[in-house]
Structure formats: C-alpha cells, structure tokens
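J.: Sequence:
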Amino acid sequence: MSGLRISMDIGGTFTDVVAYDERDGRYRVGKSPTTPDDLTRGALAALSPIAPRAEDVSFLVHGTTQGLNSLLQRRGARVLLLASTGAAQTYHIARGPRTRMYQLHYRKPEPLLPLRDIVHVNGRISAEGEEITRLDEDAVRRAAALFRRGGFTALAVGYLFSCANPAHELRTREVLREELGPEVAISLSHETANEWREYERTSSAVAESYIGPTIRGYLGRLGAALDERGVTAPLHVMQSSGGILTADSARDRPLQTLLSGPVGGTMGGVALAGQLGRPEVICVDMGGTSFDVSLVVDGKPDVVPEVRLDGLPMLMSAVNLHTIGAGGGSVAWVEAGGLRVGPRSAGATPGPACYAQGGESPTVTDANLVLGRIDGDRFAGGRLPLRTDLAERAVCALGARLGLGTSAMAEGICAVANARMAQAIRTITVARGIEPRDFTLVAFGGAGPMHAVFLADELGIGEVVVPRFPGAFSAWGMLQTQIRRDLSEPYFRHGADLDGAHMAGRLSELAEVGLGSLDSEGVPPHARRAEHAVDIRYAAQEYTLAVPLSHAGEPAEPGFLDLVSKRFGQVHESRYGHSNPGAPIEFVTLRTTAWGDLGHAEPERIPESHGPVAVQHERSVTFDGRAWDTAVLHREDLAAGHEFDGPALVVEDTATTVVPPGHRVTVDEFGSLLIQGVLA
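This note's numbering applies: residue 1 is where the sequence shown begins, and numbers increase by one.
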C-alpha cells in the first residue's frame, strides 16, 4: 500500500524526520531538539506533526548514535570475556605498531574490559579447523557462576581459530544458556566477525557485547512507543555499511548499527551523485556536535571492512567516515595563549549562549550569529529564536582575553573551525593519494552549508552542492538505500594453488545463505541480488585489499587468476600509488553482500523559474573583516534555473547557506544549490 515512507535521524543536538508521500511524490521535513534523557521522546516529538495518522506510515527507518555514544563515552555494559587458555590476554596485548610514531606520550587504546574480567577456557582448535583439545565445559560453567555473582550484564566469547571451526564457541553458548537462561546477551566472535586476526575478531565481539544492552534496550523502548502510537510498519535501522535491516535483526547484531546515524548522509550523497551526474563526491556533514567526512567514489560509497573507534578495531563493513568534534555547538576556548575550537560541545542542553538556556561559552553558532550569517528569528524554523546579545557577550568575553574585538574574534572562531574541518577532509583524501580538487563537495547538516564554501576555497574544490533539506539530509539519505547483509569467510590460498571451481562454490554458498537471510527482512525473492569480492594481498604482505568480482561463478572461468591479479594491481595502484605486476598473490577472505530492495523515495523536481530571484531583504554580514550588504533569500522561493551572486544568505527551516562574495549560485531541477568557485 502507498503511504508515508519515513526516516528518523537522531543527532547530538536535533532529531530530524523526513517523510516521502508515495501518493503525491512530495517531501515533508520535521525537526525537534534531541532529548538526551529519553531519545524516544524527541523522536516522537519530531514524528508527530509529520505523520499525525499512524496508519499512514508504510515504511520506517531510523538512524541513531546511541551505540556510538555508549562506546565513545565508555557507558556500555560490563562484559565478561571467555578466551582460549594460553591466548587469553590477546585482547589486552593488542597490536605492537605505534599508530603515532613521534608522539612521545603515545599509549595503546584502553580496552573495554580489564584483565580480571577475562576467563581462561581450555580447549583448542587448530588453524586448519581441527579439534586439538576438547572444550572444558566445566570452565564455561564456572564462568557462568562468575557472571551471576560479579555484576556483569553481557558476555563475549573469543576462541582461537573459531573462524575456521566455530564448534567450541557454539557449544559454549549452549552451556551458558543452560546456566543463565535464554535472555542473556552473548556475542560469539565468529558470528560478529567471521575473519582471521584473533585480536581484531575478539575486539569486535567485546565491542558488540559492550554496546548490545544499550542498543537492545533503546530499540525496545522505541518500538514499544511506536506500537503505542499505532504504527504498524516494521521499524528498520540504518547500518554502518550504508544498508538497512529490521530492528529485530539489529538487536541480534548491534555492532552493525554503530555508525547508524552518520552514514545516512553518505547514502544521500550516493543518490545525489547519480542525480547530478557527478560520480566523485566529498560528503561533509556538520551538525551541532560533530563534523563527518565521507567519500563517494565512482558513484559508490567508500566502504571498508574494518573501522577503528576510540582506537579499537572492529571487523565489519562500514562506510569510511572520518569524524572530528567540530559542529555548530563546538566551544571556543583559549589554551597556552592560542584559540581552540572543540572538541567539547555545548550540545542540545544548555546549547550555545545564543540559545538562552544557560550556556555562557562562545560556540561556532554564536560566532556566525555575531557575524550576521544566521537569521536568529528563523533559526530551526522559528521554533528556537536566537539571542544575538547573548552571543555577542560570550564572544566579546573571549576576545578580551586575546585582545580582539567582537567581530574579529567571531571570524577567528570560524577560521579555526574551518581549518580543523579542512584538515579532516585532507585526512580522508590527500593522505590516501586522492586529489580533493577532482571532487564535488556536498554539504549538509544544520551547519554544513554555512561553512562549505570556505572549506572548498581552502581545498581548491571548484563546486559546492547544497541539497534540499540539508539539515535533514542524513534522514533523506536513509530513504534511498536497501536491506543489506554482509557475509565473509576465511579463504587462505596462494594464487598458484587456487582451485577456481572450489572458490566459486564457496561464493555460491555464501550467496545462498545471504539471500536466504532476506526472508526475515520481508524482501520478495525477485527484489534480491548478491555481490561478491575477495580480499587479496601480495605474497608475504600483511594487509589486504578487497577486489570485486563480477559474479559468484567468475573464479571458475578460464584465465581468472590473471584477470583478478591485474584487477588487484589496479586497486593497489589506486590505493597506494604503486603495484607489482607479475608478483605472486594470496587470497585471504571471501566476501558476499546480499541486497534486498524494499523500494525507495523518488527525487522530487521543483517548478521552473518564471521571474527573477525574490530577495526578502538585505542585512549586514561580515566577510574578511568587512561588512557587506548581503541579500537574504528564502529557499522555498527559489525555482529551477534561478541564478544569483554572492554575498547572499539562503535561509530555510533546517539550515542556512552562506554564499561569500565572488561566488555564483545556480538552482537545479531537484532544488539543489550549485555554488561555483571564485569568479574571475
């Protein structure tokens, strides 16, 4: 049935809701302050005006930073880890390389549990998957007794070589549930990450157990609240990989939701790249708390098989995001006589000084308000009017410490914030051999369009795109993706020893499992497909690169080894700037992704222009120390084909786009603002 396809994105400051009406092809957007004490309250407050009739909701997807915040703030569950005797300290030993070689005070990442919360369990599986020593079930039962009396709330199991043979981990779960009951949260390392590398696999299982109770409890409360409102559409959750899955599946695999909130913007960038015909895109999402950068390369999201959060590795498919603490609520402060901005944020409560909710520290939002770049009366659609006098007082007090006037101090705050964000973009592009000038910058988030042109100018990027509803773009992006299930299997083979038919058979079995798993996601058989890749490295190398395959049967075709070796060389050249043609290769891991299409929201075209741009009024805005008479336009007044030059402010309910002098804006058929580089 047709109805409202709705997405909800809960950020650190605001909760955004986007609804696509399948009956008329129109979009509606809602926004409400995030309620940290009970996130469901803020979500329902944003949802209610968008969908007053619960029966109209036909599809519902949700993105949240609940698990991520739990991890980064170290507020997760107390986890008991069961590990193989003789290798039980692997999780604490971690890896030897220093990630910051010249940092004198470098320390390894702090594990999520202490050594005393690790239980040694005898039993051993060989690297080939053969049982060497039987599992000590009595040790598992003693661990269950420790769990009961020790105040633990979750369990993780990480045995040696369980990716080759999971029998011991599976039996351990059976014993634990016999002792503790079926409701206890248990993460098995081979289910969390069925890949080699004991430390990374164990770290993944511990992280899933650590955030699991938080995610399950939150999704349970949200689901109950939606049921109470009469919403019958299944709740879906955004995954770190850019796909979605049902809330029931998310409760089983909570680690997959760790980057649930931020990746919605990347998937929106993928959809927008297709609309614009610009396959290379840098996505920047600046909200109230953080600044996220991600890439769309050749029209696809940049997805990696491993991420590190708070220094801890997790083996899971995830959009490659780089995040720093730089948002509209980032606090400006002085250290050693120099100006710093972030990572501390004023958040939603008390918020920036201009919110008049008790905040006294100057923030990036306060600085932009002082410079005239925000219309305080229309902020958040007029639901949260801003106090310019309070912003000026906070900025002036900081300026007095540095000997700067109020306006100069405000520009300084914005300049430092812009420098930090530009460096974040360089980290994910230049540091990897990618030239940002070859990309289009897509800016969104409540504060992204305010800073985007300044970032593009600093990086030499010639075009900035501000999509419709930029403040709710991550929520919009969630409506553009599909159900996704990722499967992996260790597959260690030297290239010369490859049996192509055997590899093709294993890939076909992975595809069968993955596509079959979509039964529980409600995907009809005709809307399913599978994609395949294999992790390859040069012989004796340590790390691998994922090389895509055209179909599961490709390894069985004649000439496959030469073809995949050449393909690997191209990927290696692109990633590292060099390759070694003719060198022997090794296969390490098979990967299969099952996709399920539940439909998506179509792009909405806006009417064409039939007259000049309507300028609401002019106001004084400061750029480079000079006050400019700046046109103020309302986004809803712009039509396809409109053009105008800066300086200008484009004001809307979810964001403000700042166009500095010397830049030109064109409105395309989808309502996106295309901002060209500095004019000659």
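Keep in mind that the hints were calculated from the coordinates and are not lab data. Glycine residues also receive a C-beta, built at the ideal position from the N, C-alpha and C atoms. Wrong hints could be hidden among the right ones.
Computed beta-carbon distance windows for the label pairs [what the hints assert, rightly or not]:
#1 Q423 x P36: 24 to 30 Å
#2 E183 x H578: 50 to 56 Å
#3 E128 x E669: 56 to 62 Å
#4 R567 x D624: 23 to 29 Å
#5 D252 x R506: 21 to 27 Å
#6 Q676 x G274: 17 to 23 Å
Derived pair list, reagent style EDC-like, types lysine to aspartate or glutamate, alpha-carbon separation capped at 16 Å [as the list claims (entries may be wrong)]:
#7 K300 x E586
#8 K566 x E554
#9 K566 x D597
#10 K108 x E200
J.: Take the hints in turn and mark each one as holding or not.
T.: Hints versus structure:
Roughly 29 Å separates the CB atoms of Q423 and P36, a value that falls within the hinted 24 to 30 Å. Here the CB-CB span from E183 to H578 is close to 53 Å, well matched to the stated 50 to 56 Å. E128 and E669 have their C-beta atoms about 59 Å apart, which keeps the hinted 56 to 62 Å range intact. Evaluation of the 23 to 29 Å hint for R567 and D624 yields a failure: the beta carbon distance comes to about 49 Å.
D252 and R506 have their C-beta atoms about 24 Å apart, which keeps the hinted 21 to 27 Å range intact. Taking 17 to 23 Å as the suggested C-beta distance range, the pair Q676 and G274 conforms, at roughly 21 Å. Between K300 and E586 the alpha-carbon distance is near 26 Å, which puts this suggested pair outside the 16 Å criterion. For a cut-off of 16 Å, the pair hint linking K566 to E554 stands: about 15 Å separates their Cα positions.
Of the pairs offered as hints, the one joining K566 and D597 is violated, with about 32 Å between alpha carbons and a cut-off of 16 Å exceeded. At roughly 14 Å between alpha-carbon atoms, K108 and E200 fall within 16 Å of each other, so this suggested pair holds.
Of the hints listed earlier, those the structure fails to meet are numbers 4, 7 and 9, in rising order.
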